[in-house]
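Novice: Listed below are the residues making up each chain.
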Amino acid sequence: MSFTHPDGLTLYGDLFSQPVRAIHAFLTLNKVPFTFKHVDLMGGENKSDWYLENIHPQGKMPAIIDKSSKGLYTLFESHAILRYVTHKYPSLVPEHWYPTDPVARARVDQYLDWHHSNMRQGCTYFLVYKYLVPSIMRKINGKDYKESDFEAYQRENNRKLMHYALKQIETFWLKPNSTSPKLSLIQSPPHTKFDSPYSHLTIADLSSACEIAQVWLLDPEEMDLERKYPLTYKWVTSVVGIKEVAEVQEEFLRKNKMKTPGTIKRQKEEQAKL
Amino acid sequence: MDQSAANLTLYLDFGSQPSRAVYSLLAHHSIPFTLIEVKIINNEHKSDYYAQINPNKKVPAITDVLPNGNTFKLSESHAIMRYLCATREAIPESYYPKGDIIRRSQIDYYLDWHHGNIRAGNEGYVMNRFIKPFITGRKTDDKVLKESMGLLKKSMQMLETYWLRDGQKYLVGDKISIADLACAAEVGQIGSIEGILEDIGGFREKYKRVYEWLERIETEIPALGETNFTSNLMLEQFWEMLENKISPKL
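Chains as they are written, first to last, in the UniProt record's numbering: chain A, 1 to 274; chain B, 1 to 250.
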């Protein structure tokens with residue numbers, strides 16, 4: 001069966017993934033025309049023949065494919081994708097998301113790099129070792145499953161890393177922005193006119209908040225955000241409260257099948273309302 | 001607009017792979033800067049003095065005096081290299097182009113992929129195989145070692161079959177970029193340390209394209225070739241000390 005890519009920009013991903021939500025929200029709120037193609041991450045659809053042949057030979061996701069009269073352009077890695085979108089659509093995407101001034105831009109780049117080995121590593125792999133691996137192993141081993149030393153070690157290491165990263169957000173990243181009453185990770189350039197609800201934000205805020213919110217929604221007691229990291233709590237809730245971010249987050253929560261304290265609590269609350 | 005010599009200061013440890021990438025970008029293009037060594041082995045990166053430069057306590061970092069007289073502080077090697085490409089005219093366009101957003105985005109893709117693959121694999125393996133056992137006196141759990149080495153091998157395989165597919169000369173297209181510097185500073189370590197080579201199962205034979213590419217980068221950018229070489233000598237000595245210290249107990 002031959003595969004045809006839609007015209008224009010297509011985002012391939014699963015809203016279960018934090019980077020996919022960040023990209024989806026970014027495109028939507030800037031009114032960049034695009035098609036969203038759901039690829040079932042948990043079901044391993046990214047390892048299917050059609051994905052390996054048409055998108056990436058090793059199943060890497062998310063991906064964007066830009067189809068124009070010039071041909072097909074494929075790109076991976078959420079931060080590379082967010083930057084590409086700001087460059088490709090300068091008339092749609094306001095400059096504050098990724099400033100052109102080299103100093104202001106370098107500050108955003110500094111966060112986007114730090115994010116990988118700190119926030120993303122900690123948050124994602126904490127969830128993997130605490131919930132995902134046990135849930136898969138239980139399906140295989142049933143009641144006999146017991147967390148191995150290796151799994152405990154990975155879970156604990158990443159949990160500590162996650163809290164270290166949150167502490168850095170609270171005490172280092174959120175600190176210097178005194179030019180705006182609104183919280184953001186990156187100091188806004190001097191000439192910024194805070195004339196829109198988002199002009200204090202950058203793509204770093206979007207990427208980071210989506211990552212933090214994932215753990216906060218699935219395991220709120222572990223993160224204890226409001227009590228332990230009050231500034232971070234205020235900032236994360238303001239970013240994921242943006243309509244286009246909240247929408248994709250809602251969809252992820254609705255479809256999520258992973259049983260975690262946060263989702264169980266949510267289900268009970270919903271049932272109580274009925 | 002080029003900024004003068006006294007303005008730029010680079011804080012680094014030559015043993016740090018990201019430090020060597022930034023250093024080679026500057027040295028190769030004869031960009032004037034002040035070099036300050038921050039020796040990790042002496043815990044200098046944890047000093048109060050260095051915390052003023054980089055509160056994240058990592059190397060490399062730069063400070064740059066701007067036209068308005070303010071001092072701009074920046075950490076994270078990829079962010080530093082992008083910033084230098086944007087502000088130092090002596091660096092050719094191909095390293096990180098301003099206009100060609102396709103090439104630029106492919107470099108961005110590499111630099112992001114690098115963190116969780118080449119960097120995590122190489123640094124993770126060296127940490128788990130050598131550094132932690134040296135400090136704690138205990139051998140790292142086999143499963144942890146297996147996972148680290150698995151990531152390193154997987155990353156090398158991606159370099160061999162994806163980034164360097166079709167026999168291309170550089171990681172992104174047919175010209176050198178900051179992606180090549182970032183990667184070569186890491187990969188340059190692998191072929192030289194007997195312990196790593198043994199565990200990975202060979203370099204030149206298994207990863208032929210990567211081997212040729214590494215030779216090319218280290219030859220074309222002597223500042224990287226030389227600093228990789230010196231660092232490897234030190235690492236080799238360090239590895240020998242480790243083997244002597246820890247093998248009686250294992």
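One thing to keep in mind: the hints can contain errors.
[Stated by the list, open to error] In silico DSBU-like cross-links for lysine-lysine, where the CA-CA straight-line distance does not exceed 35 Å:
id: 1; chain 1: A; residue 1: Lys259; chain 2: B; residue 2: Lys143
id: 2; chain 1: B; residue 1: Lys46; chain 2: A; residue 2: Lys234
id: 3; chain 1: B; residue 1: Lys154; chain 2: A; residue 2: Lys67
id: 4; chain 1: A; residue 1: Lys47; chain 2: B; residue 2: Lys57
id: 5; chain 1: A; residue 1: Lys31; chain 2: A; residue 2: Lys47
id: 6; chain 1: A; residue 1: Lys160; chain 2: B; residue 2: Lys175
id: 7; chain 1: A; residue 1: Lys70; chain 2: A; residue 2: Lys88
id: 8; chain 1: A; residue 1: Lys234; chain 2: A; residue 2: Lys47
id: 9; chain 1: B; residue 1: Lys206; chain 2: B; residue 2: Lys46
id: 10; chain 1: A; residue 1: Lys193; chain 2: A; residue 2: Lys146
id: 11; chain 1: A; residue 1: Lys60; chain 2: A; residue 2: Lys193
id: 12; chain 1: B; residue 1: Lys146; chain 2: A; residue 2: Lys146
id: 13; chain 1: A; residue 1: Lys257; chain 2: B; residue 2: Lys39
id: 14; chain 1: A; residue 1: Lys70; chain 2: B; residue 2: Lys208
id: 15; chain 1: B; residue 1: Lys39; chain 2: A; residue 2: Lys70
id: 16; chain 1: B; residue 1: Lys175; chain 2: A; residue 2: Lys167
id: 17; chain 1: A; residue 1: Lys143; chain 2: B; residue 2: Lys208
id: 18; chain 1: A; residue 1: Lys70; chain 2: B; residue 2: Lys57
id: 19; chain 1: B; residue 1: Lys46; chain 2: A; residue 2: Lys88
id: 20; chain 1: A; residue 1: Lys193; chain 2: B; residue 2: Lys39
If you are wondering where the hints come from, they were derived from the structure by calculation, not from laboratory data.
Novice: Taking the earlier hints as the rules, which of them does this structure contradict?
Specialist: Violated: hints 4, 6, 8, 9, 10, 11, 13, 15, 16, 17, 18, 19 and 20.
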